[in-house]
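*Asks:* Count the sequence shown with the working numbering and you get residues 1 to 153, in order.
Because the hints were derived from the structure by calculation, they are not lab data.
There's no promise every hint is true.
Distance windows between CB atoms, simulated [what the hints assert, rightly or not]:
1. 41 - 86: 16 to 22 Å
2. 103 - 56: 18 to 24 Å
3. 94 - 67: 14 to 20 Å
4. 86 - 128: 35 to 41 Å
Distance condition first, Cα-Cα at most 30 Å in a straight line; then the derived DSS-like pairs of lysine-lysine [said to hold, decoys possible]:
5. 64 - 133
6. 133 - 35
7. 35 - 64
What you are looking at is a predicted structure, and each value in this text was computed from that prediction instead of being measured.
Backbone N, C-alpha and C define an ideal beta-carbon position, used for all residues, glycine too.
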Amino acid sequence: MSRALIFERDTAPWLTALLDASSFPGEGEWEGSFKGYTHGGAPFDFRLRMCLRIGADVIEGDGKGIDFPRQDREPRSFALTGSVFARTVEFELYFDASYLRNTALLCEGVLSLDRQEITGAWHLPCFSGCGCKTAAFGNYELRRVSRGVSSGS
């Protein structure tokens, strides 16, 4: 039996997607919904829009908060940088808002088989010096946007 037939028959779908260079979405627009709670227990939900570049082992991009940060005079722009291993992703968002400049929003998650969605957990370390260690935490879902329309619509 040829190696190609063994590969085709016995390879897990996620590994096939990983090994097929054409399966990487490259650069694209994404939208994210972040749902969670502050360290005090108050609901803390927000949405982000971004341009991501996803490679074999790197994820990077930049974007803007749709409704975060909530202070009117603060910029909502951010940069994103992280790593990809198989379908596992870890990344940090660095916001331009003055009160968040020294603290990154930390995310870890899983890339879907079709590489059109990333889901996982996020947490924002304390940025005020109050000693709480975690300002907010929760779960997120990022979806690739097609031609200006969210894939979830």
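*Asks:* Taking the hints in turn, state whether each one holds.
*Replies:* Going down the list of hints, with the structure as the test:
{"no.": "1", "hint": "41 - 86: 16 to 22 Å", "result": "35 Å, violated"}
{"no.": "2", "hint": "103 - 56: 18 to 24 Å", "result": "29 Å, violated"}
{"no.": "3", "hint": "94 - 67: 14 to 20 Å", "result": "18 Å, holds"}
{"no.": "4", "hint": "86 - 128: 35 to 41 Å", "result": "36 Å, holds"}
{"no.": "5", "hint": "64 - 133", "result": "25 Å, holds"}
{"no.": "6", "hint": "133 - 35", "result": "19 Å, holds"}
{"no.": "7", "hint": "35 - 64", "result": "17 Å, holds"}
Checked against the numbered hints above, the structure breaks hints 1 and 2 and satisfies the rest.
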